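Undergrad: Listed below are the residues making up each chain.
There are 2 protein chains.
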Amino acid sequence: MHTQTASMKAHLYEKVAGRITTMIEKGTLRPGERVPSVRKLNEQLGVSMSTVLQAYALLEDRGVLEARPQSGFYVRLRQRELPPEPRTSKPTISATKVDISLLAEEVHEAALNPHNVPLGCATGSPDLLPSAKLNRLLGAIARRSVSATNRYDSPQGHHELLHQIARRSLDWGCHLTSEDLIITFGATEALNLCLRAVTKPGDTIAVESPTYFGFLQILESLNLKALEIPTHPREGMSLEGLETALRREKIAACFVVGNFHNPLGSCMPEANKKALVETLSRRGIPLLEDDVYGDLFFGNSRPKPCKAFDKHGMVLTCSSFSKTLSPGYRVGWAAPGKFREHVRRLKLTNTISTATLPQMAIAEMLQNGGYDRYMRHLRKVYEMQMQVMSQAICKYFPESTKITRPMGGHVLWVEFPIAVDSFELYHKALEKNISIVPGPLFSPKRLYRNFIRLNCGYPYTERIERAMITLGQIAARML
Amino acid sequence: MHTQTASMKAHLYEKVAGRITTMIEKGTLRPGERVPSVRKLNEQLGVSMSTVLQAYALLEDRGVLEARPQSGFYVRLRQRELPPEPRTSKPTISATKVDISLLAEEVHEAALNPHNVPLGCATGSPDLLPSAKLNRLLGAIARRSVSATNRYDSPQGHHELLHQIARRSLDWGCHLTSEDLIITFGATEALNLCLRAVTKPGDTIAVESPTYFGFLQILESLNLKALEIPTHPREGMSLEGLETALRREKIAACFVVGNFHNPLGSCMPEANKKALVETLSRRGIPLLEDDVYGDLFFGNSRPKPCKAFDKHGMVLTCSSFSKTLSPGYRVGWAAPGKFREHVRRLKLTNTISTATLPQMAIAEMLQNGGYDRYMRHLRKVYEMQMQVMSQAICKYFPESTKITRPMGGHVLWVEFPIAVDSFELYHKALEKNISIVPGPLFSPKRLYRNFIRLNCGYPYTERIERAMITLGQIAARML
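Residue numbers (the numbering used here), protein chains in the order written: chain D, 2 to 480; chain H, 2 to 480.
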């Protein structure tokens with residue numbers, strides 16, 4: 002047994018630390034990635050575990066690694082100074098006929114194509130979602146409940162899933178009962194039915210600017226007009242802007258994504274949500290809210306939906322499990338307040354009932370499947386991926402590109418210098434098998450010509466890094 | 002070993018035959034049921050197998066049993082003279098605003114309630130459907146295709162299911178390709194999307210009288226008017242009646258259930274289908290067709306849908322697997338002819354895409370799961386159940402009740418004497434936990450006050466027989 006002097010030890014620590022640093026510099030270890038475990042490096046390098054630990058501590062002191070409790074050491078993101086955020090949008094306040102669905106269909110198709118780098122569709126990687134677990138639960142139910150799974154379910158939805166959602170609504174400051182809820186084929190069917198319940202063709206709907214393009218497609222298909230309201234990149238719809246619009250135009254309903262807006266990532270402060278609900282309720286205007294990203298918060302607690310401030314049944318909340326569990330299961334829900342009966346009748350008419358098995362599997366996941374534990378993990382992953390993507394934008398996109406600072410969800414809204422045409426960028430990126438969504442899709446007035454939305458739902462692999470470099474290069478050539 | 006004389010043997014055959022006859026008379030063996038196998042009776046009665054076989058042959062000669070190849074002996078239906086059919090309907094030809102959805106919702110709810118005898122909902126027993134097989138296929142796919150099953154599928158549908166439907170369309174005299182098809186959440190979503198593609202609110206749609214009430218609900222929700230066309234109980238929509246309507250009113254589209262109409266069971270002769278398609282195409286009027294019962298034919302071959310005669314892409318065919326495989330899976334499809342692009346866009350807007358796993362399971366069932374073999378069996382079962390139910394009507398319902406003679410599907414349309422009010426019958430039956438559908442639900446003009454629809458999708462058990470007796474008694478008290 003050798004005795005080592007302090008300086009010999011220090012030298013050894015430095016040597017091991019140097020190996021790690023080289024791996025980072027060469028890109029073998031990437032920002033945000035976990036470094037090899039102490040045991041593994043102990044075996045690989047033939048040095049003691051305590052030496053590895055000391056080397057990691059050294060690198061932590063120097064800001065190269067960061068320790069995470071019960072998880073290990075990670076390559077720290079080089080915290081470049083992030084570029085500024087986009088400013089509050091300032092659309093002119095007038096209703097617009099919506100005409101985006103042809104383009105939306107094309108973009109959606111490109112986003113779904115598995116050969117394209119998935120920066121287009123706002124969806125998490127199926128490998129991050131608990132797909133295997135969910136499929137196992139579903140398989141077990143399929144075996145043991147043969148008859149029950151092959152009937153028409155109640156149009157309102159499977160009783161167990163209704164119960165589970167109602168139970169969880171307490172955590173969001175809502176006190177929904179099963180009776181308040183209707184299960185739908187995704188939030189998309191919920192939004193369709195709720196809109197149909199509170200509007201008639203030709204009506205005008207106030208929306209954030211930018212707004213979720215899927216909603217604009219629905220407006221177009223129902224022959225409804227959109228009125229874009231100024232929107233802050235962190236705080237969401239401007240209440241002042243809305244007041245102005247309400248004074249000028251007849252508005253049949255208002256639509257917001259209050260929690261982690263798509264594409265902005267904004268989260269309305271509670272006070273704003275409360276004021277929004279009160280302003281609209283006072284005027285008898287229904288508020289449609291899309292809360293699909295609500296569970297994907299990076300902060301300490303789940304932000305409340307607007308529904309939590311609804312005293313008169315005027316808020317119609319729509320959500321789904323497509324962003325948290327499985328887009329392919331097509332299970333969502335609506336809590337339509339006082340419009341419940343009408344929405345339930347429309348559900349029966351639109352699709353009779355939601356498929357039984359996927360509902361039962363999701364109910365089981367919510368009840369016994371470890372949904373909360375899994376969500377804690379997913380939120381961390383998304384937060385990390387969002388940071389890494391922001392850093393990549395910082396590194397590879399043209400100078401004076403601006404980006405949002407979402408505190409939840411998994412999409413970034415990127416503002417290029419004015420000379421960059423996002424349609425051109427979209428087409429040229431697609432030639433290189435990269436899917437993105439051009440900004441004007443999020444605006445019935447076709448604003449945001451120099452903006453794009455980037456999905457951060459997939460792990461930051463080399464393939465994605467290469468795609469980010471390519472996007473940066475294409476954009477740079479337009480300057 | 003004993004030698005038996007011919008007369009001793011004959012005596013023994015008669016004794017065994019007598020035992021069987023007693024079982025039939027006491028109701029232990031019911032009309033349409035299979036009698037115990039030769040081997041089983043051989044064991045039970047302690048007589049030789051050849052004796053049992055001789056006894057069965059005796060009973061076959063006497064018309065008590067019937068032999069079915071490769072299946073065994075069955076208790077023959079006592080072929081009472083069936084009552085006459087209802088006559089061709091004669092609604093006045095004028096468009097009607099539809100207002101049935103509140104009632105339809107109530108009836109639907111009662112029909113779904115498992116505590117009620119299931120004579121209401123037009124659906125097969127989950128125990129007759131190959132639910133276990135289908136769930137097994139689904140479970141296996143869920144295990145082996147984790148990632149693929151948890152993505153958004155293409156809005157058009159899963160490629161393998163599209164392929165399987167296209168392949169089968171050759172058997173119906175259609176030559177559809179995958180590109181012609183769009184997968185939907187049941188035929189109901191397909192009908193919604195197709196209607197939305199070819200009409201605008203306020204338009205008038207020509208329908209059979211009576212017509213499927215689910216379709217009327219859709220018309221109501223889309224603010225469309227219905228125009229009832231005279232309809233023959235075996236041959237479907239009267240082409241003369243339609244011609245008259247076309248001369249008098251502006252009709253935006255026509256809707257038929259050409260094969261085994263719900264509730265009539267009628268099947269349009271090929272020549273009529275061809276003439277219908279030509280008449281409408283010449284005038285540029287789209288034809289919507291619901292073919293969910295097409296595979297449930299009792300004859301020798303599957304009747305063609307109207308689509309088979311469509312030369313100009315003016316037929317929009319909608320169908321599903323809800324009547325043949327599983328209502329709970331919610332998988333249907335549309336073949337919208339030249340309106341394909343529009344319908345596909347509406348599908349994306351309405352529900353994004355159909356759930357992936359149920360589509361894959363059904364594709365597998367169609368490809369390797371023995372769908373055809375199973376359908377041969379199901380058709381026989383439905384035909385038998387329909388016969389038994391007709392006999393029960395004959396036996397238990399008031400004299401001069403009339404019934405249809407469907408050659409496919411699993412619903413009967415029953416015309417009571419004029420004094421019978423089907424709403425009263427419906428409510429009183431429901432008090433006894435029996436669900437039926439009152440006739441006026443099938444008519445926007447609220448005709449058919451003395452008609453009901455009866456589902457024959459469930460095996461004729463004692464519970465169902467008791468329900469039929471009760472229905473007959475309630476009706477009799479109204480005379």
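One thing to keep in mind: the hints can contain errors.
In this list, chains with the same sequence are indistinguishable; a pair is considered to hold if it fits within one copy or across any two.
Stated by the list, open to error - Distance condition first, Cα-Cα at most 30 Å in a straight line; then the derived BS3-like pairs of lysine-lysine: (1) K312 with K10; (2) K251 with K201; (3) K98 with K339.
For the record, the hints were derived by calculation from the structure and aren't laboratory data.
Here the structure is a predicted model, which means the values were calculated and not measured.
Undergrad: Hints first: check each against the structure and report whether it holds.
TA: Structure-based check of each hint:
no.: 1; hint: K312 with K10; result: neither (67 Å within a copy, 86 Å between copies)
no.: 2; hint: K251 with K201; result: both (13 Å within a copy, 23 Å between copies)
no.: 3; hint: K98 with K339; result: both (28 Å within a copy, 26 Å between copies)
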